[in-house]
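Please arrange chains D and E on chain A, whose structure you already have, making use of the hints.
Protein chains in written order, with our numbering: chain A, 1 to 298; chain D, 1 to 287; chain E, 1 to 470.
There's no promise every hint is true.
As the list claims (entries may be wrong) - When the alpha-carbon atoms are kept at most 27 angstroms apart in a straight line, the in silico DSS-like pairs for lysine-lysine are as follows:
1. A/271 <-> E/348
2. E/113 <-> A/271
3. D/55 <-> A/271
4. E/55 <-> D/74
Read the hints as simulated data drawn from the structure, not as lab findings.
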Amino acid sequence: MANAVARGRGFNGRLLGRSLSTAAGALNPTARNLYGYLFSLPLIVLFLAFVVYPLYFEATQAFDRYTYEVLFSDPIYVQTVVNTIVYVGIAVNTKLFLALLLSGVLQADTRGVRFLSAIFLLPWAIPVLPGILSIRWMLSSQWGIMNLIMEDLGFGSVHWLASRWMAIGALIVFHIWKYLPFWTVIFLAGRRGIPRELYEATAIDGAGGLQNFRYVTFPMLKGLYLICTLLSMVFTLGDFTNVWLLTGGAPGDSTHVLATLAYRYTFLMGKIDWGVGVFATALPVTLLFIFILIKKIK
Amino acid sequence: MKTATADRPRRLLIEVVRGVLLALITVWTLFPIYYMLVLSFTPTAELFRPEYWVKNPTLESYRFIALQGSVFVKFFWRWMANSVLVAALTMLAVLVVASLGSFALGRIRFGGARFISGMTLFTYIIPASFLSIPFFKIMGDYDLLDTYWALILAMTTFASPYALWVLWDYAKTIPPEIDESAAIDGAGYFTIFWRIYLPLVLPTLIAIGTYAFFFAWNEYLYAVLFLQSEQMFTLPISMGTFLTGDEAPWNLLMAVSTIYAIPPVIFYYVFRRYLTHGLVSGAVQGT
Amino acid sequence: MAHTRRDFLKTTAAAGAGALSGTLGFPMVSRAQARTVVIWWNRGYYKEEDEAMIKIAQEFEKAKNVKVDISFTIQEDLLKKIIAAIQARRVPDCAFCFYNDWEVMPNYAWQDKLAETTDVINELKPRYNEKFLQVAYVYNNVAKKRAYYGVPIEAQIMHIHYWRDLLKEVGMADEPEKIPLKWNDYWDYWKKAQDALRKKDPAKYGKLYGIGMTESTRGSDTIYNFEMALLSFGGQLLDPDGKVIADQPKNREAIVKAIAWFAELYNSGYVPPDAINWSDGDNNANFHSKSIVMTPNPSLSIPAAQFFQSPDNYFNKMATVEWPDNPGGGKASYMVAVKTILLPKDGKNTDLAKEFVRFVLEPNRFAEYIKGANGRWFPAFTDVAKDPFFAKGQAGKGGPVDYHIPLATKLYLERNVKVFDHWKSPANSQVYAENIWGKAMARTNVDKWPADKAADEAINRMKTIFTQWR
Numbered sequence: 001m002a003n004a005v006a007r008g009r010g011f012n013g014r015l016l017g018r019s020l021s022t023a024a025g026a027l028n029p030t031a032r033n034l035y036g037y038l039f040s041l042p043l044i045v046l047f048l049a050f051v052v053y054p055l056y057f058e059a060t061q062a063f064d065r066y067t068y069e070v071l072f073s074d075p076i077y078v079q080t081v082v083n084t085i086v087y088v089g090i091a092v093n094t095k096l097f098l099a100l101l102l103s104g105v106l107q108a109d110t111r112g113v114r115f116l117s118a119i120f121l122l123p124w125a126i127p128v129l130p131g132i133l134s135i136r137w138m139l140s141s142q143w144g145i146m147n148l149i150m151e152d153l154g155f156g157s158v159h160w161l162a163s164r165w166m167a168i169g170a171l172i173v174f175h176i177w178k179y180l181p182f183w184t185v186i187f188l189a190g191r192r193g194i195p196r197e198l199y200e201a202t203a204i205d206g207a208g209g210l211q212n213f214r215y216v217t218f219p220m221l222k223g224l225y226l227i228c229t230l231l232s233m234v235f236t237l238g239d240f241t242n243v244w245l246l247t248g249g250a251p252g253d254s255t256h257v258l259a260t261l262a263y264r265y266t267f268l269m270g271k272i273d274w275g276v277g278v279f280a281t282a283l284p285v286t287l288l289f290i291f292i293l294i295k296k297i298k
Numbered sequence: 001m002k003t004a005t006a007d008r009p010r011r012l013l014i015e016v017v018r019g020v021l022l023a024l025i026t027v028w029t030l031f032p033i034y035y036m037l038v039l040s041f042t043p044t045a046e047l048f049r050p051e052y053w054v055k056n057p058t059l060e061s062y063r064f065i066a067l068q069g070s071v072f073v074k075f076f077w078r079w080m081a082n083s084v085l086v087a088a089l090t091m092l093a094v095l096v097v098a099s100l101g102s103f104a105l106g107r108i109r110f111g112g113a114r115f116i117s118g119m120t121l122f123t124y125i126i127p128a129s130f131l132s133i134p135f136f137k138i139m140g141d142y143d144l145l146d147t148y149w150a151l152i153l154a155m156t157t158f159a160s161p162y163a164l165w166v167l168w169d170y171a172k173t174i175p176p177e178i179d180e181s182a183a184i185d186g187a188g189y190f191t192i193f194w195r196i197y198l199p200l201v202l203p204t205l206i207a208i209g210t211y212a213f214f215f216a217w218n219e220y221l222y223a224v225l226f227l228q229s230e231q232m233f234t235l236p237i238s239m240g241t242f243l244t245g246d247e248a249p250w251n252l253l254m255a256v257s258t259i260y261a262i263p264p265v266i267f268y269y270v271f272r273r274y275l276t277h278g279l280v281s282g283a284v285q286g287t
Numbered sequence: 001m002a003h004t005r006r007d008f009l010k011t012t013a014a015a016g017a018g019a020l021s022g023t024l025g026f027p028m029v030s031r032a033q034a035r036t037v038v039i040w041w042n043r044g045y046y047k048e049e050d051e052a053m054i055k056i057a058q059e060f061e062k063a064k065n066v067k068v069d070i071s072f073t074i075q076e077d078l079l080k081k082i083i084a085a086i087q088a089r090r091v092p093d094c095a096f097c098f099y100n101d102w103e104v105m106p107n108y109a110w111q112d113k114l115a116e117t118t119d120v121i122n123e124l125k126p127r128y129n130e131k132f133l134q135v136a137y138v139y140n141n142v143a144k145k146r147a148y149y150g151v152p153i154e155a156q157i158m159h160i161h162y163w164r165d166l167l168k169e170v171g172m173a174d175e176p177e178k179i180p181l182k183w184n185d186y187w188d189y190w191k192k193a194q195d196a197l198r199k200k201d202p203a204k205y206g207k208l209y210g211i212g213m214t215e216s217t218r219g220s221d222t223i224y225n226f227e228m229a230l231l232s233f234g235g236q237l238l239d240p241d242g243k244v245i246a247d248q249p250k251n252r253e254a255i256v257k258a259i260a261w262f263a264e265l266y267n268s269g270y271v272p273p274d275a276i277n278w279s280d281g282d283n284n285a286n287f288h289s290k291s292i293v294m295t296p297n298p299s300l301s302i303p304a305a306q307f308f309q310s311p312d313n314y315f316n317k318m319a320t321v322e323w324p325d326n327p328g329g330g331k332a333s334y335m336v337a338v339k340t341i342l343l344p345k346d347g348k349n350t351d352l353a354k355e356f357v358r359f360v361l362e363p364n365r366f367a368e369y370i371k372g373a374n375g376r377w378f379p380a381f382t383d384v385a386k387d388p389f390f391a392k393g394q395a396g397k398g399g400p401v402d403y404h405i406p407l408a409t410k411l412y413l414e415r416n417v418k419v420f421d422h423w424k425s426p427a428n429s430q431v432y433a434e435n436i437w438g439k440a441m442a443r444t445n446v447d448k449w450p451a452d453k454a455a456d457e458a459i460n461r462m463k464t465i466f467t468q469w470r
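In isolation and in its complexed conformation, chain A is listed as follows (with noise of 0.2 angstroms):
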C-alpha cells in the first residue's frame, strides 16, 4: 500500500492499461462481462439492496404532502435544519482550515511528524464513544472538570450543554478534536506531493512563507482542499452519534441534527414516516453533493 503511493501515478496508469490490453486477448468481450460482473456480484447485491432500495424507499417519501406539512409545522424541525447547517459549515470548515495551518507547521521537521503519529493521531484512533463520553462529563455544571478549571482560573462556572449554541459550540470543538488529525494527515500527504522545484523557483525570486503559500502552496493544494470540504461535509451532514451521546437534543430537543431527528420521530415516536422524511427533505442537497464529488473525484 504504501509502495502505490510513493511509486506515483504515472506508472500505476501504464501498467493497468496494458494489463487490461493484454488481458482482453485472452477471451472475448461477453465472457470477460460475464465474469467482471460475476467477481462483482456480491458488491452489486448490496449496493442494490441496501443503498438503492433505501433510497428509493425514501425519495417516494419525498414526495407525499403530509410529510412536508408535518415537519415544516414543526418549530422543532425548523432548528434543526438550522442546526444542522451552522454544524456542518462551522465544523467543517474551521477543521479543515486548522488542518491546513497545521499540516504546514507540521511538515518542515521529521521530529514534527512522528509527534503527529505518535500522539496527535489518538483521537483519531480511538472509537468515538470514549472520546465522547469523556467529554460529556467534563462538561457536566455540576461535576465537569471543566467547571473546576474554570473557577480555578477565577471565570465562575458556566453551564457548557445548558444553552442551545454553547452545546453546539461543544459539538463543534469535539468534532475538531476528533477528526482534526486525520485531516491534517490527509494535507500532509498533499502538501509532500508539491514538487521541490516549485518552492525552489519561487526562492530564487525571493519570496518568503506567506508568498511560498500563496503562489505554491494554496493553487498546489486547492483542489484537495475543496474536495476534503465536500467530502467532510458529506460526512458530517449524517453524523449521529455525536450529537446523540453529547447533548441528545438537549436542551429543549433544540440541537437536534438530521440524524437524531430522525432517530426521535421514528423510535421514540413510532412515526418511520416522519423519520425517513426527514432525509428525504435533505436528499436533495445531499446527492447534489455527492455527485459534484464523484465528478470531481474520477
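Chains D and E only, in chain A's frame:
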C-alpha cells in the same frame, strides 16, 4: 531556503513558537483521554467531587467489570464476545466482497467497471445514517432484527467500498505479466484469482481486514437500531445504556470505555505506517 | 408474501450458516411452533421481579402443558422492539413494557394492531381499582369504537423525596409531618435549606441545590412535574371527549402560570442548571450523591435503591412527602400512570396469551411479583393492594418505620387521582412523546421567552398535532 539560515534569531523564534504549539496540541489531544483514565480509577465516593487527578485510585470499576458485578455490566463478557464476533464476521465478509470486486475492477476489463467504481464511490460517500431507517425496515421485513446478521450486513455494505479501493490501488501495482503467463497456460479467472491474485495481495488483505474489523467494532447507530435484547448487545450499545439508567456510575462507564478503546489503539500503533498511507491513497484517491 | 421471503432466506441461510449459528450462539428463529406462547416482558429493576416472573412462567408451563418463551428487555429497548415488531407484523403474543400505556397502546389500538381484551377486563372488573382501568379504554379507528385494548396492572404516582440529615444539619425540622405544605412555604423551605447549607459549608455544599426539579424534554419526569403543577394551578388540557381545551382562557391562564412558575424556579438558582438536560435517571443520581436536597420523582425508585445500598439512609436519613397543597388551597390532586399489558393482534396464540395474563394476575401470584419491585409499583387490583406490605412498607427490615411506601399508598387511596390522558386520543400520546411542555420550559429557561409566548407555542403545537393526526 538558504537565506533563512542566516537569520538566527528568527529561526529561534520559529522554534519556540513551534514548541509552544506542539505543547498546546499535546494537552488538547490527550486531556479527554487522560480524564477518561482518571475517572475509571476514581472511587464512587469521589466521583461527584472533581479533581485534576485521582487522590485514592481504585480498581473497583475494573473489578466490577471483570466479575460482572453491576447491572450496567451484567453481561460484559458476552457483550465483548458479541463485539468480537460481529467484527470478525464483518471482516471476513468485507475481505470476500472487496477482493472479488477489486479483482473484477483491476484485472478484468469489462463493460461495467465504470459503473461499479462509481457505485462504490457513492456508497463510500453517502452518510450511512441516511439509509438507516429503510435499512431497519428491511431487516424487520426479513425478520433479521435482533440478530447479528443485520449488523454484519450493514457493516459489510459500508466498509467494503474503502476496502475495495485500497485493494484495487495495490492490485494496480502487480505486474500484468503474471496474469498473462497464467492465461497462456490456460488458467481461468477463478484460478488466477485464487492462485495468483490472492497470495499477491495478502499483506493488503491483512490491513483492510483489520480496518473492517474495527469499522464494525466502532459502530454505534446501526448496532443500536438492530440489536435489542440485552444479551445481543455489542459494547457500544451497552455504554449508551449508562445514560438512561437511574444511577450515574461514570467511573464504571469510563472503565468500560478504556477497555473498549484499547484494541483499536493497539491496532493503530501496529499498523500506523500502512494506515496513514492507505488512508491518503484511499480517501482522496485520484487527486 | 413476507413469510415466503423469510422462509426462503431462512433455508438459504440455514444451509450455510446453520452449523456456525449453533456453535456461536446465534438465536435460531424457532417461533410459531404450536402451543408456545411468546412473552416479551419489561426487565425489572430488581432481580426479584424477574425471578418471580420466571417462576410464574414455569408454573404456567406445568399447569397448561405448553411452552412459555419469555424474554426480558429494558424499557427503552423494549419500546423500540415492540414498535418494530408491530410494524413488521412479527409480534410476540403478549408484551409488557413500561411505555405501553403512553406510547404504544393508544397509537396501535387506533390502527387496529392490538387484540381486544374486553373479555379479560370484564372478568377482572370486580377486582379492579376502577380509576386505573380507564387507561386501556382506547379508540380503534378501523372498527370505529372504543374498547379495552390492554390489561392495566400496576401504577406509579408522584412523590417528593428529601434528605432529612441535610435539613437536620442546618437545624431545620426534618420530620415529614413538619414540612410545611402550603404552596409557597413548601418551595421556600427547600430554598431556605440550600441557602443555609451553602452558608454553613461553602466548600462542601457550594454546588448543592435545594430543588431537583426535572425541566427537560428528555425526561418523562418533566411531564409528571408539569401536569402536577397544572393541576395545582387548576388547568386542564383535554375535555372528557378528548378535544383540546388548553386554549380556553381559564386553562391558558393556568398553563401560563405553571410555565412561569417553572421558569422562576429554574432561574432563581435553586434548581441545578443541568436540570434542563436531565434524563429520568439524572435526578436520582443527583439525589443519591446528595447534590440536591429534594426531588420530585414519579416512582419509588430512589428509596428502593437506598433500601438495598443503605438501610440507614432509607429508614433514618431520608423521607418521602406529598406534593404541596394547591396555591388556591385544597389538597393536591395526583396524576397516575398505569402500566399495561398488550396483546398484539397478529399474535399466533392470543387466546393462550390471555390465559397467561389471567394466570399472572391471580391475587397471590401477582402479589408476589409486585412485591419483588420493593414498592416501586402499586397494584391496580384492590385485593392485592390490601396486602399489609403496602400499608407498612419495609418496616422491621432495618428500621421501625417506613417513611416511603405507606405514604405512596395513602396518596393512591385518599387523594384525588387522575390517570394520564393518553387513552383519550393517540394524538395526545404524540403530545407527550414530543414533550411539548418540556419544550415550553426550554423556551423560557434557555431562549428567555416570556411564559405566555412559550405557552402559546405549546398550545398551538398541541392543536396542530391533533388536527394533523391520521
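List, from low to high, the hint numbers that the structure doesn't satisfy.
3
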